[in-house]
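Put chain W on the given structure of chain A with help from the hints.
Residues per chain, in single letters:
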Amino acid sequence: MTTPLIAAHHIWVSRPAGTEEKIILEDVSLTISSGKIITLIGPNGAGKTTLLKVLLNLIPYTAGTLTRRPGLTIGYMPQKLDVNPTLPITVERLLSLGTSDRLSKIQPLIDTCLAEVGALALKHSPLKVLSGGEMQRIMLARALLTSPDLLVLDEPMQGVDVLGQEELYQLIGKIRDNRGCAILLVSHDLHLVMAASDEVICLNKHVCCSGHPHQVTADPSYQELFVVPYKHEHDHRHDGACENHE
Amino acid sequence: MSELIYSDLFYKALIAGFGLALTTGPLGCFLVWRRMAFFGDALAHSSLLGIALGILLHININIGVIGICLLCALILTKAHSRQHLAADAWLGIISYGALALGVLALSISGTNVDIESYLLGDILTLRMKDLYWIYGCVILISLFIFWKWRELLLLTLDEELAQTAGVSVGFVRTVFMVLLALTVAVTLKAVGALLMPALMIMPAATAGRFARSPEQMAFLAMGMGFVGISTGLFAAISFNTPSGATIVTACLVLFLGSVLTRAR
Numbered sequence: 000m001t002t003p004l005i006a007a008h009h010i011w012v013s014r015p016a017g018t019e020e021k022i023i024l025e026d027v028s029l030t031i032s033s034g035k036i037i038t039l040i041g042p043n044g045a046g047k048t049t050l051l052k053v054l055l056n057l058i059p060y061t062a063g064t065l066t067r068r069p070g071l072t073i074g075y076m077p078q079k080l081d082v083n084p085t086l087p088i089t090v091e092r093l094l095s096l097g098t099s100d101r102l103s104k105i106q107p108l109i110d111t112c113l114a115e116v117g118a119l120a121l122k123h124s125p126l127k128v129l130s131g132g133e134m135q136r137i138m139l140a141r142a143l144l145t146s147p148d149l150l151v152l153d154e155p156m157q158g159v160d161v162l163g164q165e166e167l168y169q170l171i172g173k174i175r176d177n178r179g180c181a182i183l184l185v186s187h188d189l190h191l192v193m194a195a196s197d198e199v200i201c202l203n204k205h206v207c208c209s210g211h212p213h214q215v216t217a218d219p220s221y222q223e224l225f226v227v228p229y230k231h232e233h234d235h236r237h238d239g240a241c242e243n244h245e
Numbered sequence: 000m001s002e003l004i005y006s007d008l009f010y011k012a013l014i015a016g017f018g019l020a021l022t023t024g025p026l027g028c029f030l031v032w033r034r035m036a037f038f039g040d041a042l043a044h045s046s047l048l049g050i051a052l053g054i055l056l057h058i059n060i061n062i063g064v065i066g067i068c069l070l071c072a073l074i075l076t077k078a079h080s081r082q083h084l085a086a087d088a089w090l091g092i093i094s095y096g097a098l099a100l101g102v103l104a105l106s107i108s109g110t111n112v113d114i115e116s117y118l119l120g121d122i123l124t125l126r127m128k129d130l131y132w133i134y135g136c137v138i139l140i141s142l143f144i145f146w147k148w149r150e151l152l153l154l155t156l157d158e159e160l161a162q163t164a165g166v167s168v169g170f171v172r173t174v175f176m177v178l179l180a181l182t183v184a185v186t187l188k189a190v191g192a193l194l195m196p197a198l199m200i201m202p203a204a205t206a207g208r209f210a211r212s213p214e215q216m217a218f219l220a221m222g223m224g225f226v227g228i229s230t231g232l233f234a235a236i237s238f239n240t241p242s243g244a245t246i247v248t249a250c251l252v253l254f255l256g257s258v259l260t261r262a263r
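Top line first, the protein sequences correspond to chains A and W. Under numbering that gives the first Met the number 0, the residue at position 123 of the first sequence is numbered 122, and the numbers go up by one with no gaps. Under numbering that gives the first Met the number 0, the residue at position 97 of the second sequence is numbered 96, and the numbers go up by one with no gaps.
The hints are simulated quantities; they were obtained by calculation from the structure and are not laboratory data. All of these numbers come straight from a predicted model, not from anything done at the bench. Don't take every hint at face value.
In silico DSBU-like links for lysine-lysine, alpha-carbon gap of 35 Å or less [claimed, not checked]:
id: 1; chain 1: A; residue 1: Lys-173; chain 2: A; residue 2: Lys-35
id: 2; chain 1: A; residue 1: Lys-21; chain 2: W; residue 2: Lys-77
id: 3; chain 1: A; residue 1: Lys-127; chain 2: W; residue 2: Lys-77
Covered, in the sense of this in silico footprint (three residues per stretch, anywhere, with C-beta under 8 Å from a C-beta of chain W), are these stretches of chain A [claimed, not checked]:
id: 4; segment: 51–60
id: 5; segment: 74–87
id: 6; segment: 96–105
C-beta: ideal position from N, C-alpha, C; glycine also.
Extracted from the complex, chain W is given alone in its bound form:
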């Protein structure tokens, strides 16, 4: 096990983890602020269907995942304006519907895909190509957030207020969805469809207990994410445990620590 710590795989996982913390941190903050935690959950679960689509259509899996996530985001946005069913019920239907369809599609696709590896993920299996995707995502998200930070905050406070202040609500919201879908796609292999939402929500929630401004919270969330990912990774290697679950457990420990610290 100690040789794994000094191996190429470990460094690659660590570099990937740093990139993932940079993307999930700020996006996670927006999910928490806008009470969209379960929205992230639904997109993450639907990613499995995206993988199946990618395999069946012989296209890049990430493209398949992004496509399906955007489709689900679109359905959920439309469903929101239909009032005969509450938003949380819609989220549940999309979330588990897409998960079930994804597992079904993967199992009948005939290929010997390891479904479990996509459900639970393993950051130690990432290749160079995955790193490019992750850092491409980091660059896009940073650019967009720096460019539209004020608009994003206004939108978070109140959509109509943002609209009267001249924010192009539709544009900002759409780009946010695309970036969220992209983040789901690049995070999928590392922590899996089931656990991925935790990587967005937990560091942001932890940061929220200390931050005094939105910017501080976003940066703290990135920091908390990286501490969680790196200690989780180290622990996974040391104790030979599944990496995705260990990373999320590390994030959970950080969150619980923050609750106890502030309670005093």
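This is chain A alone, in the form it adopts within the complex:
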């Protein structure tokens, strides 16, 4: 068994809110190994993005331990890149910003990554003319540039239509097969998730359940959160602590 890329044990994150601490993540543990597609699902305010940011070292955690394999490279695709239309920048230029090498030197690499996501034709397009789905592909290509061991994708399906979503999931699966990298992604859509993931982690501040997609769908806590989401008035176990009740 190889060492995991990232191992998180009993991670807590809280943020001061007024006089008291608001708990955002509660005792979350997870392990990310090479070649696996792990999907994080959970309702709004469940702390999915926070967990990603902790794993990426973008925000500090309050308690717990986090170990990354030495020399780990991560390709990150943020939830949404809000590009100001007044910034005149092409796809090629955006990708070249990821490294300090000269454009001529990384040109072949940029072409390879764009071709891998099926967006080579967009190379010279300005960012502001791209559709939501095109933009997501470009951001995916950008994340691939550094040949990462781990791809972290925060809601890659945002702004992509249903047909495009299925394509994008197939693409993500293909990338994993070709590169052997691990993929951690956040998603809302359960049906597409089930087809592509090796492991699903259902998060609602704490890990409600995790495992193979079929195991998770059979889990009562999953059923409670997703299958009949409007039936329960209060969140299980977290009275008043849910962000939705603010």
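Just chain W now, with coordinates in the frame of chain A:
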């Protein structure tokens, strides 16, 4: 009036204008790209308080302005993470609060400072010392921008993306703020606290309508700035109008021209 055109004052103003265009051009682009136009506005307005501070403490006025601008930048950055009031409301509070305090402090400081000259500015009153400040600022900004151009662009696109790409976000952002404060300080005497933000935003916005790359936009903004400043200066002398307002009007004409050209 024609003798003024050939005078020492005019050349000094023109040389100053060239330097100001070089500094406000690229910084203005970043303000436009990062949707920080009103941030520039708030810093510019707060500069008046900096002048009062400089006079009261008997220190260089530019140092006073830089200090107050940085203080306001710090408050606004901190305020951004407090969510009980929206960012634009914070900007308004800092902007006008500092402006009011500045006018108040200047009027009770007892010195016979002409407040209007700092509110509206006059590029024809610049002295040699001001030119040194301006060109010192040009050198610092050029060095920093050449050195950190890629990082600045990444930061402009997305802070977290920049952070994961290994950019020291805190450092780049802090230096950017210092340079912005410095630019406010050196631009103050030329176009005044009220109009100065226009000199940053208008040339950049004009350039944005033609540029095809970020670099092109930065250089075009410098060019547009200089055309605006020099024609404004020439017009101010010819028609004997206030120089700051005339320069900004010239920049506005350029912008409107660019809108009409591209609309066709």
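Hint check results:
no.	hint	in the structure
1	Lys-173/A x Lys-35/A	12 Å, holds
2	Lys-21/A x Lys-77/W	20 Å, holds
3	Lys-127/A x Lys-77/W	31 Å, holds
4	51–60	holds (count 3)
5	74–87	holds (count 9)
6	96–105	holds (count 3)
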